[in-house]
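In the order they appear, the protein sequences are chains A and B.
Heads up: the first sequence is residues 26 to 331, going by the working numbering.
Heads up: the second sequence is residues 26 to 331, going by the working numbering.
If you are wondering where the hints come from, they were derived from the structure by calculation, not from laboratory data.
These figures come from a predicted structure and were not determined experimentally.
Please note: incorrect hints may appear among the correct ones.
Since the list can't tell identical chains apart, any single copy or any two copies may satisfy a pair.
What the hints assert, rightly or not - Computed cross-link-like contacts, DSSO-like style, restricted to lysine-lysine with a CA-CA straight-line distance of at most 27 Å: (1) 113 / 54; (2) 113 / 126; (3) 109 / 277; (4) 67 / 109; (5) 113 / 67; (6) 109 / 283.
2 protein chains.
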Amino acid sequence: MGLFGGIESGGTKFICTIGIDSDNLLTEKRIPTTNPEETIRKVIEFFNPYAISGELIAVGIASFGPIDLNPDSQTYGYITTTPKEGWKNVDLCGQIQRGLKVPVAFDTDVNAAAIGEQYWEKDKRLLDPFLYMTVGTGIGVGVIVNGSPLHGLIHAEAGHMVIPHNWQRDPFPGSCPYHGDCLEGLASGPSMSKRWGQKPETLPDAHTAWDLEAEYLAFALVNLIYAYSPLQIVLGGGVSQHAGLIQAARSKVQQFNKGYIHSSMIQEKIDDYIHLPALGNRSGALGAIAMAIKLAKKHIEIPKAV
Amino acid sequence: MGLFGGIESGGTKFICTIGIDSDNLLTEKRIPTTNPEETIRKVIEFFNPYAISGELIAVGIASFGPIDLNPDSQTYGYITTTPKEGWKNVDLCGQIQRGLKVPVAFDTDVNAAAIGEQYWEKDKRLLDPFLYMTVGTGIGVGVIVNGSPLHGLIHAEAGHMVIPHNWQRDPFPGSCPYHGDCLEGLASGPSMSKRWGQKPETLPDAHTAWDLEAEYLAFALVNLIYAYSPLQIVLGGGVSQHAGLIQAARSKVQQFNKGYIHSSMIQEKIDDYIHLPALGNRSGALGAIAMAIKLAKKHIEIPKAV
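Generate coordinates for the entire structure from the input sequences, incorporating the hints supplied.
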């Protein structure tokens with residue numbers, strides 16, 4: 026029986042999953058993100074019995090970033106300029122590949138989530154190009170064009186776009202260590218905690234925080250719609266799940282667009298156009314498994330591999 | 026001998042070109058943009074002798090927008106919600122196709138310019154994905170991913186993205202009839218004319234207008250880099266040509282990025298990374314010819330056509 030591994034590497038934990046497909050998962054383990062040596066060693070230990078038995082065909086890694094995705098680069102597979110303490114310039118992909126000796130697919134957590142939503146959906150509603158935006162500890166954007174995540178100089182880092190910041194309404198300077206008041210600096214979960222002195226999940230629905238949050242997300246969504254012209258948008262991440270937030274953001278998108286992009290998807294069917302992830306908070310982990318399966322399929326075409 | 030036609034349809038003129046390739050142009054005519062009936066009739070009259078003689082193989086149209094690019098739509102090939110008087114909901118592509126009875130390729134002026142820069146370049150410097158941003162009468166962005174322009178719900182409309190607007194420094198409310206102070210509303214040629222009471226080309230190099238313009242363009246460029254992660258950016262359009270502007274915008278891009286995207290293209294080789302168009306102000310017209318040639322090549326593969 027062929028098994029596939031998925032690793033969702035995050036700033037607080039690595040979620041390691043083994044399964045045949047999204048409905049048939051064998052086992053899952055959460056490994057706390059400490060230092061790279063210890064964390065990666067524990068990840069390898071978890072998968073190793075399945076690699077040794079020959080059952081593990083391939084592994085997909087859905088990583089926090091920025092990461093190096095250029096196959097010609099000497100640092101391909103590395104986590105690069107992350108603000109996460111101790112994790113700058115870590116060869117995540119290479120260490121796992123050498124440890125397990127199976128093919129490893131590597132991409133950002135948000136590209137993986139986008140792949141997961143597309144690969145595992147049963148009703149094939151997701152049209153291409155589409156994008157997945159996550160709003161949680163960080164803000165990230167994954168983009169699928171012609172069935173593949175958009176890669177270039179690196180990968181989309183649209184969570185750090187600049188948006189209008191009304192200092193009179195919102196004197197909070199932003200929390201991004203690089204940019205201050207970029208989108209992530211103004212609208213991520215930690216930025217909300219800092220601004221309001223309490224975690225977003227404890228802020229009541231009527232709190233002004235949610236109107237401000239909807240405004241920032243709508244600025245971002247309009248910019249993403251104008252940039253990519255996606256056929257669908259999936260809004261994931263912990264903050265996005267807050268009751269009423271996606272509805273408020275949708276209305277503000279219509280309001281900011283002012284009819285400029287004239288499409289029934291925006292004017293009438295915006296509830297379909299911008300929707301929550303079908304896989305809930307499992308998009309990343311199941312996306313990593315989908316990446317492993319897709320990679321294995323590619324390898325199977327080459328006779329010598331797998 | 027096979028000839029190809031290029032039409033660059035703009036708000037003030039239609040530039041019609043006939044040629045074999047970018048180095049061998051036969052003739053060119055500028056037709057003023059009046060009402061759609063008269064303008065399109067004159068365009069057809071210009072190309073018609075070559076269509077009747079059988080020499081004209083295909084035509085490419087590089088159009089102002091927004092336009093409908095969905096092949097399944099009843100209004101495919103139409104100019105849709107343009108603010109240009111009299112040109113809303115005009116079947117530009119269909120009328121020309123029916124008038125000339127040759128295959129017609131249709132895309133935005135900026136996507137065409139991007140195609141032109143890629144198709145006609147001799148030293149193959151342009152890496153994929155790359156983008157073409159024009160800053161002139163309007164602001165537009167064309168994006169090439171895997172050799173093709175990015176199409177989705179419609180096409181990129183990133184000229185209308187929102188960016189930070191410091192009202193204290195710049196109390197001008199913006200000139201976009203849809204959004205007010207979006208990028209185009211703050212940084213297009215007409216917005217500069219309105220803000221400063223004189224045309225941009227008459228503003229001296231030392232005028233504060235240029236520092237403000239560089240700042241707005243740099244905000245836009247950073248957002249585009251974060252969104253698409255392009256391997257190269259071509260900055261076209263009349264305003265971009267102003268002496269010193271591209272250099273100022275490049276420095277501000279480095280400054281705003283604050284080392285977040287860690288790439289030698291941004292840190293060291295930004296003069297290569299963001300550059301002026303090799304075809305100068307001919308990218309659109311020559312891009313339209315390239316579109317016609319690419320379309321003809323596709324048709325040749327299907328035995329019955331051409």
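Hints, one by one, checked against the model:
For the identical chains of this complex, residue 113 and residue 54 are intra-copy neighbours only, at 24 Å inside a copy versus 57 Å across copies, given an alpha-carbon limit of 27 Å. Taking the shortest Cα distances, residue 113 and residue 126 sit within 27 Å of each other inside one copy (24 Å), while across copies they are farther apart (60 Å). Proximity of residue 109 to residue 277 under the C-alpha cut-off of 27 Å is restricted to the inter-copy arrangement: shortest distance 26 Å between copies versus 33 Å within a copy. In the homo-oligomer, the alpha carbons of residue 67 and residue 109 lie at most 27 Å apart inside one protomer (19 Å), although the nearest pairing across protomers, at 62 Å, exceeds that limit.
For the homomeric pair residue 113 and residue 67, the shortest alpha-carbon distance inside one copy (19 Å) is at most 27 Å, but the shortest distance between copies (62 Å) is not. Proximity of residue 109 and residue 283 under a CA criterion of 27 Å is satisfied inter-copy only: 16 Å between copies versus 39 Å inside one chain copy.
Figure legend: structure checked against the earlier numbered hints; every hint is met.
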